[in-house]
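Colleague: Based on the hints, put chain B in the right spot on chain A.
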Amino acid sequence: MNQGLRRRAMLGKMFGGLGTTALAGMLAAEQARASGRYSGPKMPGKAKHVIALWLTGGPSQVDMFDPKPALVKYQGQRPGTVDLRTERQTGGLLPSPFEFKKRGQSGMEVSEIIPQLATVADELCVIRSMYSFNPTHTPALSLWHTGTVLLNRPSIGAWVSYGLGTENENLPAFVALAAGDNGGGLGGSATRAGFLPAEHQGTSFDSGQTEPEKMIPDLRNQRLDAASQRRQLDAVQAMNREFSQSFGGDDFLEGRIQSMESAFRLQSAATDAFDIRKEPAAIRAEYGENNSGNSCLLARRLVERGVRYVHVALGGWDDHKDLFANYAKNCPAMDQAAAALVRDLKRRGLLDETIVTWGGEFGRTPVSESGTGRDHNPYGYTMWAAGGGFKGGLTYGATDEFGFKAVENRVSVHDLHATLLHALGMDHTHLTHRYAGRDFRLTDVFGTVVKDLLVS
Amino acid sequence: MKSKLIGLYLAAVSVAVADPAFFESKIRPVLATKCYACHSSKMKAPMGELRLDTKAGLLQGGVNGAVVVAGKPEESRLFQALSYQDTHLQMPPSGKLPDAVIADFREWIASGATDPRVDTKTVTVAAYKGMSIEEGRKWWAFQPLRKKLSGENGIDGFVRAGLARSGLKPSPPADARTLVKRVYVDLVGFKPSYEEVERFAAKPTEEAYRQLVDELLASQHYGERWGRHWMDVARFGEDNPTNEATNPGFAYAWRYRDWIIEAMNKDVPYDRFVKLQLAADLMEGTAREDLRALGYLGAAPVYHKDLRLSEQVIGGFLADDLDERVDAVSRGLLGMTVACARCHDHKFDPIPTKDYYGLAGIFASTARSERPLFEVDAATEKRYVWLRNRLFDLHYLIKLLTDQPTTVTGAAERVEKWKVELEALKQEALSYQERYPKLTESLEKYWKFSKDEAEEKAGKAPNAPNAVPIWYRSNASAEPFMNVVYEAAQVVDGSDAQVTMIHYKPGEARDFPVLRAGNYASPGEMTPRHFPRVLAQGEAEFKQGSGRLELAERIFTDAAALAARVIVNRVWGWHFGRPLVATASDFGVQGEKPTHPELLDYLASELIAHGWSLKWLHREILLSATYQQSSKPRPEGMKADAGNALIWRMNARRMEVEAYRDTLLRVSGRLDRRMYGKPEELQAATNLRRTVYGRVSRGRMNTLLKTYDFPDPMQTAGGRELTISPLQQLFVMNSEFLHGAAEALAGSVKAEETPQAAVRLLFRKVLSRDPTPVEMDRALSLLNGGTMEQLAQVLLATNEEIFWP
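These protein sequences, in sequence, are chains A and B. One gets our numbering by counting positions in the first sequence from 1 and adding 250 to each. One gets our numbering by counting positions in the second sequence from 1 and adding 12 to each.
Just chain A, same shape as in the assembly (with noise of 0.2 Å):
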């Protein structure tokens, strides 16, 4: 087999696929499958994978990571500085129920509502500053999933497949879960690869299922056994093969036969990649035997086998009332999760050079709506990430002394954009791609890397 020839054939047998109209443009499109696209400086982060925990409906701040002593004081008044416009109309200050204690060696302030989280606090990154801009949840989602509320952009997911490439050839870069399929945390924003290359687009499964073939839309042939269906597939290839030689070589043909063969192992791959019955049942059981640690430790085995981002949909956070019993019955399966799965990857060596991050597209107000819930809140709230070069047991920025509003070291989406391309090893300003006219980025025109939040 010539250069060439092998080159197309490894090509074949990508899981995302690759373009066959540039066929001049093979080898370029070999290099982006394997080393991304991005080829701007290299900057000095290491981190090679990003697990994003996505809590949509946006949690709040000041009931898990940043404690506000003053709610108590002012309870039920309505000082000047906390009218800020949301999206509901809000009523007086809300103090959190929840106690906070000094965790870790670092001290980091946390709530009991998240005891699990606790025990990890020397690994997280806790910026209290985070800020957005829209108070609704489809611009604001799209906002952190894509830099912009336009719903026509890729997602970060997208971006980062784009800009390193895939580590496993058999699995897709970019992979969403979410359990159900009721669009929770996977609005089209979530997953889109807009105008980048189709190969970038996240792929969705339904982590509600435990069984790979309930969760991959035709991964078994419900007709035949695999000897059965391999004897099918030979006959299949050897028609194939026989087209080829009366046409003359061609990327299609020789790419699709690959295809076939990558799509046969990929039937037992997935399922061994996806199957987290595998996993012994003292880690099914740190991380929960529920949807949020199914897809946790669902995202460490895609993880471990190379796939570079992995977005997990925790469950809906959208608490405009019943808040404090809602978090009394919501927090305890997302906490467990989410802290395993730190605790899991450090164990392993993985959290090095993976990135955990956490949030939802805002916070919430400290302000009551319906007097026991809370509202929107895009001015002020908290995000942490963990491993992958962020600083452990930092906690970074600060809110007014309220809760409302940012006002200490202000972090925006696109500055933690920038920060996390930065941990992967790139400059937010180079990951570019040329449509329409112009070079679009993830970060717009905005980002700042914010190094304060990172070890190097």
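Among the hints, a few may not be true.
[Unchecked claim] Simulated DEER-style distance windows between Cβ atoms: (1) B/PRO156 <-> A/ALA488: 55 to 65 Å; (2) A/GLY357 <-> B/ALA44: 53 to 63 Å; (3) B/LYS605 <-> A/GLU603: 39 to 49 Å; (4) A/GLY556 <-> B/VAL130: 36 to 46 Å.
[Claimed, not checked] Below, simulated BS3-like cross-link-like pairs (lysine-lysine); rule was C-alpha separation at most 30 Å, straight line: (5) B/LYS366 <-> B/LYS150; (6) A/LYS323 <-> B/LYS108; (7) A/LYS298 <-> B/LYS718; (8) B/LYS359 <-> B/LYS67; (9) B/LYS718 <-> A/LYS571; (10) A/LYS464 <-> A/LYS296; (11) A/LYS701 <-> B/LYS762; (12) A/LYS571 <-> A/LYS298; (13) A/LYS292 <-> B/LYS46.
[Stated by the list, open to error] Some chain A residues close to chain B (C-beta under 8 Å, calculated; not the full set): (14) MET293; (15) ARG335; (16) THR386; (17) ASN402; (18) ASP468; (19) SER478; (20) ARG481; (21) VAL486; (22) GLY498; (23) LEU503; (24) ARG506; (25) ARG660; (26) THR682; (27) ALA686.
Bear in mind the hints are in silico, worked out from the structure with no lab data behind them. Just so you know, even glycine gets a beta-carbon here, dropped at the ideal spot from N, CA and C.
Modeller: Leaving out everything else, chain B in the frame of chain A:
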């Protein structure tokens, strides 16, 4: 920090503000410590191109223009940014400065913004500079079509001249069986049957080929195939990405699809075809059924607007809606990336920001609504389109403030007021009852307040896994209405601090201001609605209403050359798999140049001369030797031009998803040929209709379409990138769709007397040919232990089946 600054303030309080010392003590230190880090002339690319460390830089301002208006702090962006009033314009980003410092800046600017600094070197500020309009007119795409052309003998002459220059020869003609398959897929979108192939192969004369082409162009299936190509450009979709309260799906988008198919079949001249889509409602003597064409704008993607949000936010969404139209029209019809000029003048092409807003104003003066398919007197209909919009908004607003407990102050009063208005409009709607009962019926939903829908939306996902959530379910309707647009200015009203309103002013038009950096909160100069200046011959401004009709007309007068080049190039690309200008939606500086500029101009001129008939263009292309070449690779061609830019062979490729799925249905004898009508979900096992009739959801694209590179219906597509991926092969190997096709095929050959006969028939049905002896042996040996269904699937899964050589 705070106390230190305040201390500084107190110490210097006696200094007069116009005094240079005031700048030195109050302003410069703040600029130096808070601003220079990002806005310094020492940086290669200061943020926003703003340099605050020099006098010249301060005067120059940034990408959004001046930052200081001497004497007018409120109008100075520097002050606006410091005062943190606007969420999109807040500096420094690390947090608002103490009020005292901000007060200093106010005073300093109010008193004339004295800047005593002396710049030590000349600061050269590279302003954004694209091409001037004059230079732009010389750009190849904007020039008139060439009159004197060197090539002879049409397409083949131009292509051969190019090949000769590179020492290449064209390929020999494709064999008859390949050619007939090529033409079928190309013109009607599926492979021909064995009989259809053999009929042509028996006597493949030039005349027979010509007849075949004419026959297929006359087939109803032509419109299904070529209508779908246009739908890529028209970013056809039947809903929105989110389908929320204010942007539900388009119940009648399918009527626009049907109109496209019919128009293609009738060979409506391309200029008229486009004009109807932009302005059917404004054209004299438009047949009512042609109003369906307005789906191009009437079913375009729109953003949800939660009217509890501020004027700025709602205005921003409106601006995003307009941006979508500007982009779809300019790239789709003119190959111009006008949307690049939303925030600043185009960096490369001759498109100033004003040209962008000159187009945006047209769409700000165009509102979406629905119109009846049946005849209604003009006065009633004119009122109806507005009435529907207003009722929709009132219904939405009342629900918004009553469905959930709300704390909007004075909610009850507002709701009462709206209910009074709603009641009056309801009476008006009821007055149609006698003459047009369907009109009244279509509006009834707006005065009924059921909670079911809201509850289902807010509630948990349906129990069944993989059930389609309500907001992605099709709301397609067969009621006699159409999604259209009409002339009405859209105006965002922020006078109520808690509920922002959008007013539709029927018959009125409005201009749009330039938005600095694309920011709605930062409006600049008003821009009259006008045609892009580089294209305009004579006065650019529009005079009639929104200017929509003038836009449509001037595309085919002032910009006819460009419009013709763009559509010729697309059509060429759909036939050949590679357009002459590789970037089919960008003919600007950043795009590719044509591989055969003279050929492009020749076809463009001839298209116009032939009354913009696309069927003429198809014939011209299909009857050329260039098109009929073999697609097989030749070593010398591969060596000299592997990408086939010179067209030394036909391009071989795989079929698009529609043609593949339709072919699988047709060869297995299951294709349901019913044309037109309400869409069906493609994943439905019972849906055996052509793919073009499957629902296209912008919010939730069908998995098969997604897997096979269907373009994003949120934006006009410049072409499809055809990929190969194992997920596609899983569909071929394991899906119920393939199993169903294989099963049907197996059943259809059961009656054959011998296995050999059955195999032969199977080959004829699937691959339109007989098996070779080797294939016959292989098939028989597979049947030994395997089933006819398995064999059928083998044939369906082959490269030969999906390939389009």
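Colleague: Now tell me, hint by hint, if it's right for this structure.
Modeller: For each hint, the structure was consulted:
1. B/PRO156 <-> A/ALA488: 55 to 65 Å: 57 Å, holds
2. A/GLY357 <-> B/ALA44: 53 to 63 Å: Violated, since A/GLY357 and B/ALA44 (Cβ atoms, about 35 Å apart) do not stay within the stated range.
3. B/LYS605 <-> A/GLU603: 39 to 49 Å: 44 Å, holds
4. A/GLY556 <-> B/VAL130: 36 to 46 Å: 59 Å, violated
5. B/LYS366 <-> B/LYS150: OK: B/LYS366 and B/LYS150 at ~20 Å, within 30 Å.
6. A/LYS323 <-> B/LYS108: 25 Å, holds
7. A/LYS298 <-> B/LYS718: Distance ~27 Å between A/LYS298 and B/LYS718 Cα, so the pair holds.
8. B/LYS359 <-> B/LYS67: 26 Å, holds
9. B/LYS718 <-> A/LYS571: 38 Å, violated
10. A/LYS464 <-> A/LYS296: Distance ~35 Å between A/LYS464 and A/LYS296 Cα, so the pair is violated.
11. A/LYS701 <-> B/LYS762: Between A/LYS701 and B/LYS762 the Cα gap is close to 72 Å, so the pair fails against 30 Å, i.e. violated.
12. A/LYS571 <-> A/LYS298: Given that 30 Å is the threshold and the Cα spacing comes to 39 Å, the pair is violated.
13. A/LYS292 <-> B/LYS46: Holds, at roughly 29 Å.
14. MET293: 17 Å, violated
15. ARG335: 6 Å, holds
16. THR386: 5 Å, holds
17. ASN402: 4 Å, holds
18. ASP468: The hint holds - A/ASP468 has a Cβ within 8 Å of chain B, the shortest such distance being about 4 Å.
19. SER478: Given a least distance of 7 Å, the restraint on A/SER478 holds.
20. ARG481: Result: holds, 7 Å to nearest chain B Cβ.
21. VAL486: 5 Å, holds
22. GLY498: Status holds, d = 4 Å.
23. LEU503: 5 Å, holds
24. ARG506: 5 Å, holds
25. ARG660: 6 Å, holds
26. THR682: Hint on A/THR682: violated, closest Cβ of chain B at ~13 Å, above 8 Å.
27. ALA686: 5 Å, holds
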